[in-house]
Amino acid sequence: MRRSSWFNSAVAWAVYALLYAPIAIVVVFSFNAARAGMEWQGATLDWYRRLFVNEQVQSALKVSLIVAVTSTAMAAVLGTTLALALEKHMRRGREWVNGLLAVPVFVPDIVLAVALLLFFGLMRDWFKVFELGLTTIIAGHVTFQIPFVAMVVRARLAGMDPALDEAARDLGATSWQVFRHVTLPLLMPGIVAGAMLAFTLSLDDFVVSFFSGGPGSTTLPVYIYSSVKRGVTPEIHALSTLLMAVSVIATVVAMMLQRRDVR
Amino acid sequence: MQQVPEATASRKSSDHLGAGIEGVGLVRAFGAFRALDGVSVSIRPGEFFSILGPSGCGKTTLLRVIAGLDSADAGSLSIDGEEMLAIPANKRPVNTVFQSYALFPHLTVRDNVSFGLRMKGLSPGEVAPRVERAMELVEIGPMAGRKPAQLSGGQKQRVALARAIVNEPRVLLLDEPLAALDLRLRRQLQTELRSLQRRLGMTFVHVTHDQEEALAMSDRIAVMNAGRIVQVASGRELYERPKNRFVAQFLGACNLIPGTVTARAGNVLTVATNVGPLEVRAGHGTLPASSQVTLAIRPERVRLNPEVPGRNSFSAELRDAMFTGAETQFTLSVAEMALRAVLASESVGAGSLRPGSAVVVDLPASALIVLED
Ligand SMILES: Nc1ncnc2c1ncn2[C@@H]1O[C@H](COP(=O)(O)OP(=O)(O)O)[C@@H](O)[C@H]1O
Ligand SMILES: [Mg+2]
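Heads up: the protein sequence lines correspond to chains A and B, in order. Under the working numbering, the first sequence has 208 at position 208, and the numbering climbs by one with no breaks. Residues are numbered in the working numbering as their position in the second sequence, beginning at 1, plus a constant of 1000.
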């Protein structure tokens, strides 16, 4: 009994080490004074400092933030609307739509990216907005964000007491007032949690941004990819570390929000 | 709950009388199952009306139809003479205290209570004093800033009550409001609810499956079974003159004696039963000779060893005696039939009523009830 539990925890630690070692190395080397190589030459914040004066990084950061903020806002509204429609109005075929909702989550990014590219290409013949660039990246991101938002919001909706709705109506609230004063405030932690997830997904996305982007719409991950082709520098480590920190924080906040009780 | 100054109380009851409710042939079906199977009920303005019945008989459904939270498939419903079925829940002059309380978890007690007034668009200046008064009335003033999760069951119940009455509805619907509370608190709140209703003058429609609660609180009670209303009467009348077996047995213990009518002389029926021939006062309705009837008698109306035996006196054997404090319960057998009797313990002499002893049992004609089925 003792022995096997000791063994189990050893395995667990080994798996964790395997998972986190590469990430840890990136973080550690983002503080290494050496310009190249794996030798430790003392700690420095130089690489971080340089990021802030690198114009290409600045412009990629700007694109990433514009894309992430815009797409997240759109996905939050659309995903919430979808969740509400599924939970409250759709009686028949709910299981089906539910299943369909999960499909984009499991479809490989590359497949989605190619499909979007194809779609944008077709639409371009009629609508100029589908010229590859910022707009198409945002549209692509919204596509994969919606299911995540909808699923998180639905989970919260499902845990909500339907009597609250009725109590509000009984107290004289119109449908809009019920939504505005009861449903929406109760859903808010779920919507924010879903939006946080969507935000990190957008910020971290490479494949869709790479395929749907055009000149002048380079996001941070795409910038990192093109720089790495010229060689991995400590600056890239620093940039990756920052990106990761933002994602981790957003994910933790989202998880904390989701755990908050509905009742 | 707080004592309201006399002036306020009388002003309230004069310009805020409750409304009457008239339901006719209400039906609510879920698929093939009829939760309401033709309910007709007439509730008087300002009365404390209880709907009593076993779990699943349709009480909540009836309340929801009155509130407008559920629709009726047939029938009509009017409040104060105004047809209601086409009017949505938020426009009816009715508020509900829900079985689960359904307090808004994201709002403080004060914001829960003010919800209805705010939704109606009253100014903060008008809302605040009414909310304070309602919270005072049910003694939750000190909890005004708390969230529902920080309240006990009894406190939640009071908040739910304040949230409803602050709107001064013509009718207040209460769905088993006390069912989730422990016995002591339940008894206390029964008294408080009753006096609150008297003071406010609203019509209270109160749903319960607890017969003692219904008897203790109500002006009138509707006994419900399987989607229908069986009998509507005051508690005393229901207890003393139940219409059928269901009502007789649902409200307290009852001896049921089946028999056949053998003769009728004016107001007196003679019924042949296993116990022997019984003389009974004929109730409403005509019962020709040889019709089958069931007679009912409450255990506390059965007399043992009467000083002067009557026409309905028989010799019996005492099978069992059980002392339960203030009362002693007896099981007797009269010609193979088991009867129950209850006597005040102090009136039971020591030694005379022992299991196995022979007794004379008397079933007074005035205590025997002729049931419809
Ligand atoms: N939405 C519904 N769908 C199907 N059956 C229901 C629904 N609501 C109530 N019922 C059924 O109607 C009957 C009466 O329910 P209810 O009015 O809640 O009973 P009570 O409040 O007297 O316990 C029950 O048998 C219940 O199962
Ligand atoms: Mg019920």
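Don't read these hints as lab results, they were simulated from the structure. Treat the hints with caution; some may be incorrect.
[Unchecked claim] Straight-line C-alpha distance at most 27 Å; calculated DSS-like pairs for lysine-lysine:
#1 B/K1147 / B/K1120
#2 A/K229 / A/K62
#3 A/K88 / B/K1243
#4 A/K229 / A/K128
#5 B/K1120 / B/K1091
#6 B/K1091 / A/K88
Going through the hints against the structure:
1. B/K1147 / B/K1120: Satisfied, since the Cα-Cα distance of roughly 23 Å is no more than 27 Å.
2. A/K229 / A/K62: holds, 22 Å
3. A/K88 / B/K1243: violated, 45 Å
4. A/K229 / A/K128: violated, 32 Å
5. B/K1120 / B/K1091: holds, 10 Å
6. B/K1091 / A/K88: Distance of about 22 Å is within 27 Å: holds.
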